[in-house]
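So for the sequence shown, my numbering puts the first residue at 1; every next one is plus one.
Read the hints as simulated data drawn from the structure, not as lab findings. It should be emphasised that the depicted structure is a prediction, and the values quoted were computed from it without experimental measurement. Any given hint might turn out to be false.
[To be verified] Once the Cα atoms are required to be at most 30 Å apart in a straight line, the calculated DSS-like pairs of lysine-lysine come out as: (1) Lys81 with Lys163; (2) Lys81 with Lys168; (3) Lys81 with Lys167; (4) Lys81 with Lys170.
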Amino acid sequence: MTIYLPIAELSVNIFIILGMGAAVGFLSGMFGVGGGFLITPLLIFYNIPPVVAVATGANQVVASSVSGAITHFRRGTLDVKLGIVLLVGGLAGATAGIYIFSWLRSAGQLDLFISLLYVVFLGTIGSLMLMESLNAMRRAARNEPTTLRRPGQHIWVHRLPFKVRFKKSKIYLSILPVIALGFAIGVLTSIMGVGGGFIMVPAMIYLLRIPTNVVVGTSLFQIIFVTAYTTVVQATTNYSVDIVLAFLLMVAGVIGAQYGVRVGQRLRGEQLRALLGLLVLAVGVRLAIDLVVTPEDLYSIATGGMGG
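Just need the whole structure built from these sequences, with the hints factored in.
Here is the structure:
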């Protein structure tokens, strides 16, 4: 059964699109990531133009993140105060990212830039997460004490000024690195169509030393508003949000996220990080292959005139 996408200007199989949305929603709820880092490459693999994939992918992230965040809020694993500080930086970063996105598009370099960014980010983060989680599992198997977060352990981040007490997370931390992290995620959301959870979750755990139990819900909270803002601005500035595609992905994503949260509760933290690391790495490798493999059609036909 096919359906026509007006902005992407092509027909797609409705069941494949619903399957993508459900799968990414499931992973979003399970890992606490928006899922944009998966849905955008998946749409590109399915021949959706990257400009549309980025803007519409951000839209799908909103739906699955809302679903997951509500569940975490009910369970008391969402730090709203911390989420609001992240959001301040995120909105500023998203605004800057939209300008960069528009400039790259007008320069004709957007598609290549998006693919290269994905390969670099996914390859690096996937490898780091996988190595760390495998080491954690080895230590757990040998009954060795974990060195991830020792009480009283401080790094340079904790010596910065403008400290605020976040009661839900039980930490006393400067708002500067939190805003900076939010800003970086906002830029990536605009340019790559990602929620940024695959960067934000590890950064909150390892850099800011925020307890793992509140990281997932807080990450999803920030992702909701930054991706919603990005979607609206992309739709009004670049006219690249496909409403039909977004609706299908959102419906399936919300359903998938509910089941993902339940499964995620049953797995240990290091197991979740290992699975997420493998997933991130696999998508990065797939995109890298597409960049270096010679396409079947070496030539494309462009309308609007013939060259000499």
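Results for each hint:
no., hint, verdict
1, Lys81 with Lys163, "13 Å, holds"
2, Lys81 with Lys168, "8 Å, holds"
3, Lys81 with Lys167, "9 Å, holds"
4, Lys81 with Lys170, "12 Å, holds"
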